[in-house]
Amino acid sequence: MIDTTTIRYHGSLMKRVLCYSVFLPAVSLLLAGCNAGATYDEDARPYQEVLGIVEPGPTLADDAPVSLRDVLNLTNRNNEAMAIEGENFAQALIDRQRRIANFWPTLTLGPSYVRRSGDKGAGTGRDQFDLPAIGSINIFNGYSDVAALHANASTIDERKAILQDLQASFLLDAAFVFYDALRLESSVRALENTATLQEERLRDIRTREQNGLAKPLDVSQADAQAADTRGQLIAARNNLRNARTSLRLLTAVPMARRTLIDDFNPPDVIEPVEAWQQRAVKNRHDLVAVGHALESARRDVDVAFGQYYPSVTLNLEYVLSVDNTSTQNQWNAILQANVPVFTAGRIEADVRTAWSLVRQAYQRSQFTGRQVVADIERTHQDYESAVELIVELKRRVAAADLALRQAEASFDVRLATNLDRLVAQDELLSARLDLITQEYAQKVAYLSLLRAAGVLQDQIQLPANGAVPAVSP
8 MIDTTTIRYH
18 GSLMKRVLCY
28 SVFLPAVSLL
38 LAGCNAGATY
48 DEDARPYQEV
58 LGIVEPGPTL
68 ADDAPVSLRD
78 VLNLTNRNNE
88 AMAIEGENFA
98 QALIDRQRRI
108 ANFWPTLTLG
118 PSYVRRSGDK
128 GAGTGRDQFD
138 LPAIGSINIF
148 NGYSDVAALH
158 ANASTIDERK
168 AILQDLQASF
178 LLDAAFVFYD
188 ALRLESSVRA
198 LENTATLQEE
208 RLRDIRTREQ
218 NGLAKPLDVS
228 QADAQAADTR
238 GQLIAARNNL
248 RNARTSLRLL
258 TAVPMARRTL
268 IDDFNPPDVI
278 EPVEAWQQRA
288 VKNRHDLVAV
298 GHALESARRD
308 VDVAFGQYYP
318 SVTLNLEYVL
328 SVDNTSTQNQ
338 WNAILQANVP
348 VFTAGRIEAD
358 VRTAWSLVRQ
368 AYQRSQFTGR
378 QVVADIERTH
388 QDYESAVELI
398 VELKRRVAAA
408 DLALRQAEAS
418 FDVRLATNLD
428 RLVAQDELLS
438 ARLDLITQEY
448 AQKVAYLSLL
458 RAAGVLQDQI
468 QLPANGAVPA
478 VSP
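For the sequence shown, our numbering assigns the number 8 to the initial residue and increments by one for each residue that follows.
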């Protein structure tokens, strides 16, 4: 005969078991389910703010002209390489949360249910439900966790500086391609005008030959020069298409049919090289990055050396046990210490490796410092040289234009040969193309100087509200 009290108690036990074994996992699954579909897009916001990207971005009409400011802004917003590096910055920020968590206690639940069968028909089976709750806190870890937190702070600053340095590099690359496209467009227009003029002169000299006023050699020379100009024109058009393709790669916006406009004018006179070098020491992002990397490496030495210290951990355990006959609970507290007496040289190897990384970081910072100085000197010299060359090229263009007019006049009165006229035409075309190239080279040289000093983003004034900014020299 089955005891009804046992049945009621068994039923009460099963209810409690079901409550613990269903409710607790359900809560855990609910919390996990809340995060399962999350993409954590908010983790990207810190590096987007560093890059000056704020949603929504500016819109560019299909027929709108594109300036240098537009190209730089689109490159800054749409280039995936900067976003990839930005995720490294985001991961460093997330790692800070992980390191802070080392200072907080942890709590773990491990519910278990056991069903043991007894004699058949005797009702002697046993149901047991255990609910251990284990808490653990790190009391002392040889200061390694503190040093790791400081190292993470330096790593965050390093990743931020690396991101800004990469941003400056891509912006300068975009400016290079933009001005290369403008240069090629100017070359195409100059070659088109020259080719049209040469075709007209070729027809004229053929007419002169038919009338006995020119030699067959004159016709051949004019035809050869016209063919050479057409060949240069074909190459320039192809290079222009390639430059516009590169612009699309950088900006993620089709550039094949857009009008490119240049609204940037560098100053005629700039500060001496020493002033630019002082500015670079404070603002050059790669120099800032290696400084933070050196600090992070030094903190890692403390992390490795902290292994020599004993560590102390406090574990608290509460166990709730429910079976057919009773409900019990039990508390356990364990204060655990770990003293490294002999580690076979492992800790020493970790410390020596950490110091080696410090020396590497120091040498890298020294080389980067010299590289910054050299970059400033080189770009400053390039800019000054470009300004001087423009002055001379303008004189060359004026002289070549005068020489062509004189050759034309002398040819008309038969005081000069057709070859003299063709040479003068070729010299004028070459001078104009060189002047166009050098004018754009001056602008690129100034932007390179800004990038070498680490102030390109400040001068470009990347938008904080999605608007296209003005470019200030």
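Calculated from the structure, these hints are not laboratory results.
It is possible that part of the hints are untrue.
Just the calculated beta-carbon pair ranges, DEER-fashion [to be verified]:
# : residue 1 : residue 2 : range
1 : Asn272    : Val420    : 18 to 24 Å
2 : Gln466    : Ala51     : 40 to 46 Å
3 : Ala51     : Glu355    : 40 to 46 Å
4 : Ala263    : Arg103    : 41 to 47 Å
5 : Glu216    : Asn272    : 21 to 27 Å
6 : Gln466    : Arg244    : 29 to 35 Å
7 : Asp465    : Arg371    : 23 to 29 Å
8 : Glu355    : Thr115    : 20 to 26 Å
Glycine residues also receive a C-beta, built at the ideal position from the N, C-alpha and C atoms.
A quick look at each hint next to the structure:
Our hint of 18 to 24 Å for Asn272 and Val420 is violated, since their Cβ atoms are close to 44 Å apart. Between Gln466 and Ala51 the C-beta distance comes to about 26 Å, which lies outside the given range of 40 to 46 Å. A hinted range of 40 to 46 Å holds for the C-beta pair Ala51 and Glu355, which are about 41 Å apart. A beta carbon spacing of about 45 Å between Ala263 and Arg103 agrees with the range 41 to 47 Å that was offered as a hint.
Checking the proposed 21 to 27 Å range against Glu216 and Asn272 shows it is violated: the Cβ atoms sit about 48 Å from each other. Look at Gln466 against Arg244: about 33 Å separates their beta carbons, and that is inside 29 to 35 Å. Here the CB-CB span from Asp465 to Arg371 is close to 25 Å, well matched to the stated 23 to 29 Å. Between Glu355 and Thr115 the C-beta distance comes to about 34 Å, which lies outside the given range of 20 to 26 Å.
Taken one by one, the earlier hints fail for this structure at numbers 1, 2, 5, 8, listed in ascending order.
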